[in-house]
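Single-letter residue listing:
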Amino acid sequence: AQSVTQLDSQVPVFEEAPVELRCNYSSSVSVYLFWYVQYPNQGLQLLLKYLSGSTLVESINGFEAEFNKSQTSFHLRKPSVHISDTAEYFCAVTQAAGNKLTFGGGTRVLVKP
Amino acid sequence: DTGVSQDPRHKITKRGQNVTFRCDPISEHNRLYWYRQTLGQGPEFLTYFQNEAQLEKSRLLSDRFSAERPKGSFSTLEIQRTEQGDSAMYLCASSSGSTEQFFGPGTRLTVL
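Heads up: the sequence lines are chains A and B, in that order. Note that the numbering used here gives residue 54 to position 2 of the first sequence, counting from 1, and the numbers run on in steps of one. Note that the numbering used here gives residue 2 to position 3 of the second sequence, counting from 1, and the numbers run on in steps of one.
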């Protein structure tokens, strides 16, 4: 069985400040890790993923996440947020390509001007 | 638009009624997934198909829930004798068997 814990349910942050969203997972086997973003009234969109190789992965809009196997974590960071980053962010894990995703409870990011 | 589509987007029903939702995946995708998301929670896996075969069902899926994908293209999710606890957003996703799942906008069900 696998599980995902997102330690912060809400993170308020000022525009241009950095943000870190924490994600820890539990699994007895190797996993693939994902961050999905859900903007208000929209569906889930993939932000970035870790499959193998470099433990630091980046998205096209400035987010990055680092896979830490020893700490079973996959925290998401952005050095400077924009108002448009206001959304809910979900960490997810799967044990094999094409299998079901197990999601964390989500972290709601509210960017304030 | 070639993304995943779901119909209807919203459904309000009375307790005890049956409801059916439809999902149209991205056309070349052979895998289709259903998830349920309640307010303030992350999506929970319900079931998934590879082509027309239903490969896995969650223990969350009671016998009032049934899903089909008869021709390996669109899928339907039916809930019989709805209960207030069934109120949620029902999400559909599809993939080509690779790691990324593409999600639809969801169907929001409200059971009165």
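No lab work stands behind these hints, which were simulated from the structure alone. Fair warning: this is a prediction, and the values are worked out from it, not measured in the lab. Among the hints, a few may not be true.
In silico SDA-like links for lysine to any residue, alpha-carbon gap of 20 Å or less [as the list claims (entries may be wrong)]: (1) B:K70 to A:V81; (2) B:K56 to A:A149; (3) A:K121 to A:P64; (4) B:K56 to A:K121.
Not the full set, but computed from the structure, chain A residues with beta-carbon under 10 Å of chain B [to be verified]: (5) V56; (6) V81; (7) S82; (8) F86; (9) Y88; (10) P92; (11) K101; (12) L103; (13) G105; (14) G150; (15) T154; (16) G157; (17) R160; (18) K164; (19) P165.
Yeah, the Cβ is synthetic: ideal placement off N, Cα and C, and Gly gets one too.
A quick look at each hint next to the structure:
1. At roughly 34 Å between alpha-carbon atoms, K70 of chain B and V81 of chain A are farther apart than 20 Å, so this suggested pair is violated.
2. This hinted pair checks out: K56 of chain B and A149 of chain A have alpha carbons roughly 17 Å apart, not beyond 20 Å.
3. This hinted pair does not check out: K121 of chain A and P64 of chain A have alpha carbons roughly 28 Å apart, beyond 20 Å.
4. Under the criterion of a C-alpha separation no larger than 20 Å, the hint pairing K56 of chain B with K121 of chain A is inconsistent with the structure, at around 29 Å.
5. Taking 10 Å as the C-beta cut-off, the interface hint given for V56 of chain A holds, the closest approach to chain B being about 8 Å.
6. Evaluation of the V81 of chain A hint against chain B yields a violated restraint, the C-beta minimum of about 15 Å exceeding 10 Å.
7. The interface hint given for S82 of chain A is broken, as the beta carbon of that residue sits about 13 Å from the closest beta carbon of chain B, more than 10 Å.
8. Annotation: F86 of chain A was flagged as interfacial toward chain B, and the flag holds, the nearest CB pair being 8 Å apart, inside 10 Å.
9. With a cut of 10 Å, the hint placing Y88 of chain A at the interface with chain B holds, because the nearest CB-to-CB distance is about 8 Å.
10. Because the smallest distance between the Cβ of P92 of chain A and any Cβ of chain B comes to about 12 Å, over 10 Å, the interface hint for this residue is violated.
11. For the restraint placing K101 of chain A at the interface with chain B, the shortest Cβ-Cβ distance is roughly 6 Å, inside the 10 Å limit, so the hint holds.
12. Nearest Cβ of chain B to the Cβ of L103 of chain A: about 6 Å, under the 10 Å cut. The hint holds.
13. Evaluation of the G105 of chain A hint against chain B yields a violated restraint, the C-beta minimum of about 13 Å exceeding 10 Å.
14. Because the smallest distance between the Cβ of G150 of chain A and any Cβ of chain B comes to about 4 Å, under 10 Å, the interface hint for this residue holds.
15. With a least beta-carbon distance of about 7 Å to chain B, the hint placing T154 of chain A at the interface is held under the 10 Å criterion.
16. With its C-beta approaching chain B no nearer than about 5 Å, G157 of chain A sits inside the 10 Å limit, and its interface hint holds.
17. The interface hint given for R160 of chain A holds, since its Cβ lies 9 Å from the closest Cβ of chain B, which is under the 10 Å cut-off.
18. With its C-beta approaching chain B no nearer than about 21 Å, K164 of chain A sits outside the 10 Å limit, and its interface hint is violated.
19. For P165 of chain A, the interface hint is violated, since its Cβ never comes within 10 Å of a Cβ in chain B; the closest pair sits about 25 Å apart.
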